[in-house]
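Residue numbers (our numbering), protein chains in the order written: chain A, 483 to 810; chain B, -13 to 210; chain C, 752 to 852.
Be a bit skeptical, because a hint or two may be false.
What the hints assert, rightly or not - Some but not every residue of chain A turned toward chain C, in silico, with C-beta under 8 Å:
(1) L577
(2) Y578
(3) G587
(4) Q596
(5) G600
(6) A602
(7) T803
As the list claims (entries may be wrong) - In silico DSSO-like cross-links for lysine-lysine, where the CA-CA straight-line distance does not exceed 30 Å:
(8) B:K107 to A:K784
(9) A:K724 to A:K804
(10) B:K209 to B:K107
(11) A:K712 to A:K804
(12) A:K802 to A:K516
(13) A:K802 to A:K653
(14) B:K110 to A:K516
(15) B:K110 to A:K784
(16) A:K724 to A:K516
These are computed hints drawn from the structure, not numbers from a lab. Glycine included, C-beta positions come from ideal geometry on N, C-alpha and C.
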Amino acid sequence: MYSQALDERDDHGDASAPEQLEARFEARVAAEEKVEPNDWMPEAYRRTLIRQISQHAHSEIIGMQPEGNWITRAPSLRRKAILLAKVQDEAGHGLYLYAAAETLGISRDELVDQLLDGRAKYSSIFNYPTLTWADIGAIGWLVDGAAIMNQIPLCRCSYGPYARAMVRICKEESFHQRQGFEIMTTLSRGTAGQRAMAQDALNRWWWPSLMMFGPHDSESVHSDTSMRWKIKRFSNDELRQKFVDVTVPQADFLGLSVPDPDLRFDGSTSHYVFGEPDWDEFRAVLRGEGPCNTQRIAHRRKSHDEGEWVRAAAAAHAAKTKARHAAA
Amino acid sequence: MSATSEAVLLTVADSCLLLSHRLSEWMSNAPTMEEDIALGNIALDLLGQARGLLHVLGDEDELAYFRDPQEFRNALICELPNGDFAFTTLRLFLVSAWLESVWPALVTSSVASDVRGVAEKAVKENAYHLRHASSWVIRLGDGTEESHRRMADALDALWPYRGEIAAHDWYDRVEPVLATATLTVPDRQAWTQRSSGDGWHTEHLGCLLAEMQSLARAHPGAKW
Amino acid sequence: MPQPDGDRRDGWPLWEVFLRSRNGLHHQHVGSVHAVDVEMAIENARDVYTRRGEAISIWVVPSASIVASDPADKDELFEPALSKIYRHPTFYEVPDGVSNI
């Protein structure tokens, strides 16, 4: 779900590719063999992967901002340590993914440029503000919960470096969700003020979390190729349904109510029926008109620009040292 | 535990707590993503060290969130705002150079085994912090003209705050690195800022704690 | 003389990272880091890839220095050729004066 823009039509078929190579590629992928960096691959496969992996990486990096917002105000030292570690993990995940993307023939510089000048997307969820401490719990519980649902199947994706990065990420991600849920549990069993805080956070993060799975399958430009190439493993609606089915009982456990008047359990299907997300809001956020879009990119751009002299100095020092050794 | 050693522990704990807080302000702001992680790692280490010592002295959250600024006993250098990356790395270097003597002393002198345990782990962690910070001081001091200027400015600003942390071996540790960084090594006899022994602090601590303690104080008695 | 202009290609090259998690095991490739020199590469590798104590030994190698041969891939259509481990834009020298590459 950090790859909502995946469902864009990709019309640049590589007409000149030998049919043999294409056929053999398709067969390997169908047989669940991994594709590695130096293997022949269709251009569309390479481009789709770069887009999906980098979008995922950007999401991790941008995601550090809403959560990082509460590090300096974390209300206990234990929570502070846990949150610091989580935000650090996110930076690390971003780096694993940039590294995987770089094996496809693009540089980190280019990827960073794409993010900063708005050409690349990141998950819509991080365009919402973290207004209270309970938001940190809600993000861990709902957002990371949703992420895990998408990420586990990606551990089996066809591209080796991406699959391996996902295995690493999944191992670390379960800690994130547990910590978020632990915060929600503590708050919902706490003072009246804390319980209200928890309910308010759920009210604000529920629908954006459902939107993380992307538009309805019927609205997505078909992602048949992504499914065939085993880059995408489940449809948007399948994952969204699964998320609701798993999460509503958790909200019940917390004694919190999901802000959906249409939500009910359907005994005949054993699934929850739920209401429609506000797709206008979703489209607005994707267009850049969400609460924090401008702020998130401005923050990233500022860090990048202000760090320029540091990066330049490090490079200059390394060059000087190299020259000295050469002269010695 | 004697009053003196409690005082020493509180100074070290508060220094690590506040330095950790300052470093954590770099999250998502560092010059490179790798450095974001590195500073986060160091902030986590320092927080762990602070917690280990605060735990020996009382309730860690009571001490961290419900003391007023004048009750803190950190070395003042730790409460200063981050400034630019040169200031941050130089400050980290100067403080780590101090802790390089402090932790081993706590290992050998401590009666309490918990304190010894914290100190033993901290010795290893601090060695990494010192190396990491030294590397940056050198890279920036001997990098570009701009980075050299920023590092020189940082040194001018920070040197007076060495009063509480400088001793003979501290100078011996610090001066060679400054020289390698092509910085002018300041006079050991130059003036120093007042220390925090009686609750004296800079204006910055009040603002730092106002932010850090705000949520905990808004819900007194709550569990998190 | 390379220009020190931030993390452009000649300032912050790519390094591949290998970790040995326990004695008795081989080093395993885990990914890459950007760094200006080998000391930074080792530190970055430690910070990025061993936050959970996953390694007792770290190797870093400039990515452009690693040579790859993937015989399985080519069989009857191509000669197995020596190559870089992947086609990164910075692994191949672009002559001075050529732009937009």
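Hint numbers not upheld by this structure, sorted from lowest to highest:
4, 5, 6, 8, 9, 11, 12, 13, 14, 15
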